[in-house]
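Given two chains presented individually in distinct reference frames, assemble the corresponding complex, making use of the accompanying hints.
Residue numbers (the working numbering), protein chains in the order written: chain U, 3 to 117; chain H, 396 to 505.
Hints are computed from structural coordinates only; laboratory data are not their basis. Just so you know, not all the hints are guaranteed correct.
[What the hints assert, rightly or not] Below are the EDC-like pairs computed for lysine to aspartate or glutamate, each with C-alpha atoms no more than 20 Å apart in a straight line:
hint, chain 1, residue 1, chain 2, residue 2
1, H, Lys492, U, Asp55
2, H, Lys449, U, Glu59
3, U, Lys40, H, Asp422
4, U, Lys46, H, Glu400
5, U, Lys46, U, Asp79
6, H, Lys500, U, Asp61
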Amino acid sequence: DAMVIQNPRYQVTQFGKPVTLSCSQTLNHNVMYWYQQKSSQAPKLLFHYYDKDFNNEADTPDNFQSRRPNTSFCFLDIRSPGLGDAAMYLCATSRGLGPGNEKLFFGSGTQLSVL
Amino acid sequence: GIQVEQSPPDLILQEGANSTLRCNFSDSVNNLQWFHQNPWGQLINLFYIPSGTKQNGRLSATTVATERYSLLYISSSQTTDSGVYFCAASRGGGYQKVTFGTGTKLQVIP
Chain U
3 DAMVIQNPRY QVTQFGKPVT LSCSQTLNHN VMYWYQQKSS QAPKLLFHYY
53 DKDFNNEADT PDNFQSRRPN TSFCFLDIRS PGLGDAAMYL CATSRGLGPG
103 NEKLFFGSGT QLSVL
Chain H
396 GIQVEQSPPD LILQEGANST LRCNFSDSVN NLQWFHQNPW GQLINLFYIP
446 SGTKQNGRLS ATTVATERYS LLYISSSQTT DSGVYFCAAS RGGGYQKVTF
496 GTGTKLQVIP
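Just chain H, same shape as in the assembly (with noise of 0.2 Å):
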């Protein structure tokens, strides 16, 4: 299957800096997405973006398909940002199972 790989694994920042965080995949992908998993378990989609760029808010995303890469830009980090980062991605070519990396761990402090 496809193989998905976050960077960096751990991030600590200072509120109102900005980051950006990768996601690396294996093979053409028609389905990658980016979600927010809270300190409380919940996981929130912040983006559909197989390719382009999107922007909501503070948050933006970027996808690179040809290069298999994506990247998720935060602005102004608060602390409500704080959590665990996953982007998701399958192949094309009929069902092909969503295949989650392994998360960034994003840490704001005030």
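Bound-form chain U, shown alone (with noise of 0.2 Å):
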């Protein structure tokens, strides 16, 4: 079946250690989207991918930053983890962007633990 998987599901780092989470897909989908979510609360969009075209949202930290060397990876970095950088970490896909192209495939996520 065709789907999002992200690895590793649990990531345990220390503080300040730089940490990468992945993510690949099998859908061909042009975009690929990184959100953050922490306990009790929606998902929080960091950045996504157009094909290569980087689009960062306005109040991501500078501390993550994301790599799509193909179509099918997309990679999550974190440059020196904090405490609060603690959560879960989604990757999703879409077909394309605007009317009809925009329906979310996600993956099951990875678990951030900073110690």
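What follows is the structure, encoded as structure tokens:
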């Protein structure tokens, strides 16, 4: 089945130690998104790629960066994790942007803990 | 940006009962989606429904775009329906960020 896959399911890192989360998709979708979700809150969009075009949300901290080396893979890099970055990180895809193309498909998420 | 509000915030149902979840949005939308987040955190897309009515098994959804609301109906609820239900919307006119509502936490008890 076509899907969105995130690895690892759980990630533990140390305060200030860089960490990378990965996402892959077999849907051949043009858009890939990274969301941050803290406990009992709604998902918050960090950024998205439309193909190779990167779009950062205005309130996403500089500490968060992303790479999309090809259509299938997208990475979230947290350069210096703080305690406040502990959260569930969700990757999503959509076929495109605009009416009819923005149905979101989510991976199972990576739960990040910062010690 | 667009404001999305959901009600009720919490809901407890006896297994077999029916329920209606509501999503209000502050502006006209061209994108309205309903999601179920299970207890393990997985977000499942239930409906992509900017207008009209759709049904999928025991679930159905209706969006009345002119009145700026959407409803999710759950019939004959099961314990596996437990979790958090989110609606998410974006406005028309080129790319607009999808905004999630605050969610409805549903618990179905046997």
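Next on the checklist: So if I understand the rule, the pair passes when the alpha-carbon distance is 20 Å or less; does H:Lys492 with U:Asp55 pass?
Outcome noted: It holds: about 15 Å lies between the C-alpha atoms, which stays within 20 Å.
Checklist entry - Do the alpha carbons of U:Lys46 and H:Glu400 lie within 20 Å of each other, as the hint requires? => result holds (15 Å)
Checklist entry - Do the alpha carbons of H:Lys449 and U:Glu59 lie within 20 Å of each other, as the hint requires? => result violated (32 Å)
Next on the checklist: Given the hinted pair U:Lys46 and U:Asp79, is their Cα-Cα distance within 20 Å?
Outcome noted: holds (16 Å)
Item to check | Hinted pair H:Lys500 and U:Asp61, Cα distance within 20 Å | outcome: violated (27 Å)
Item to check | Restraint check for U:Lys40 with H:Asp422, where alpha carbons must lie at most 20 Å apart | outcome: Status violated; Cα separation ~26 Å.
In summary, the structure is inconsistent with hints 2, 3, 6 from the numbered list given earlier, while agreeing with the others.
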